[in-house]
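Undergrad: Sequence:
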Amino acid sequence: MAAALTALGQASSQVALGTAGRDLQLILFADLTKLRAVVPPEPIRVAHQNFVAGLSRLSIDASGAVVEPCGGPATLTAIANGSGAAALRAASTELSTADPDRSYRAGAFLPAASAVTRPTTGTVLKKPATAALGRLTIKNEASVDTVLSIAPPDATTATLLVYLRGGEDYTLNGIPNGSYKLYVASGRDWISGAQSFTHGCTYSSSSDVLTFKSTRTQHHDWQITLSSANGDPGGTLDSGSFPR
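Every letter in the sequence shown is one number past the one before it in the working numbering, and letter 185, counting from 1, is 185.
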């Protein structure tokens with residue numbers, strides 16, 4: 001089970017996520033079949049039933065999470081934060097204490113839950129290694145929260161990441177000299193560790209390249225507007241293609 005969850009969390013594309021999700025469901029089905037056939041000792045009978053119920057709920061949570069286009073790390077986090085995982089943790093604690101003569105251990109495969117946050121507009125999630133005088137004003141007319149990624153063309157990692165809440169604007173100062181493409185992730189329930197939203201995710205990029213070149217006396221100012229319903233400025237992306 002732990003290996004299947006790890007593989008799901010490492011999925012870098014929606015296709016890989018679907019495959020990992022199917023593998024996880026096969027393991028969950030097999031484990032549930034075995035556990036339902038077990039006749040537990042009386043002291044842990046209720047705890048065993050609760051564990052089976054929690055595992056069944058986890059299977060339902062996983063089925064829903066893998067269809068969200070949020071990427072492997074976010075999907076694993078959504079499962080770990082779900083009601084099934086919470087029920088399993090409670091049942092595992094119950095199993096460890098229900099029998100005064102013996103402690104039963106279960107559920108160690110579950111990753112820890114992660115805190116869901118909603119940063120304020122202008123929170124810089126990744127700072128550039130250097131700074132200059134470039135300025136970018138972002139008008140988020142979309143109703144959803146977004147994370148703007150600024151990265152050189154064809155780069156796989158971002159130079160800068162900034163969070164904007166739906167309907168709010170922000171001006172970024174100190175953008176380093178260079179040419180950049182803009183990428184947008186939109187959704188709900190931001191997880192800092194996964195650097196991703198966990199629900200309602202969309203990923204997109206702009207075809208335009210913005211060039212920033214500043215000196216002591218001159219600098220470039222750019223302005224962009226995110227105006228569609230989901231904050232999409234252009235072509236859609238897979239979650240694994242969003243520079244972080």
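Worth double-checking, as some hints may not be accurate.
Lysine-lysine pairs mimicking DSSO-like chemistry, simulated, CA-CA at most 30 Å apart [said to hold, decoys possible]:
(1) LYS181 / LYS127
(2) LYS139 / LYS213
(3) LYS181 / LYS126
(4) LYS181 / LYS213
(5) LYS126 / LYS34
(6) LYS126 / LYS139
(7) LYS213 / LYS127
(8) LYS139 / LYS127
(9) LYS139 / LYS181
Hints listed in this document are in silico derivations from the structure and should not be mistaken for laboratory results.
Undergrad: Next, verify each hint and record whether it holds.
TA: Right, here's what the structure says about each hint:
1. LYS181 / LYS127: Holds - the C-alpha atoms of LYS127 and LYS181 are around 16 Å apart, at most 30 Å.
2. LYS139 / LYS213: The given pair, whose Cα atoms are some 22 Å apart, holds under the 30 Å limit.
3. LYS181 / LYS126: The given pair, whose Cα atoms are some 16 Å apart, holds under the 30 Å limit.
4. LYS181 / LYS213: 15 Å, holds
5. LYS126 / LYS34: 46 Å, violated
6. LYS126 / LYS139: Holds. LYS126 to LYS139 sits at ~20 Å (cutoff 30 Å).
7. LYS213 / LYS127: 18 Å, holds
8. LYS139 / LYS127: With Cα atoms ~20 Å apart, LYS139 and LYS127 stay inside 30 Å; holds.
9. LYS139 / LYS181: 17 Å, holds
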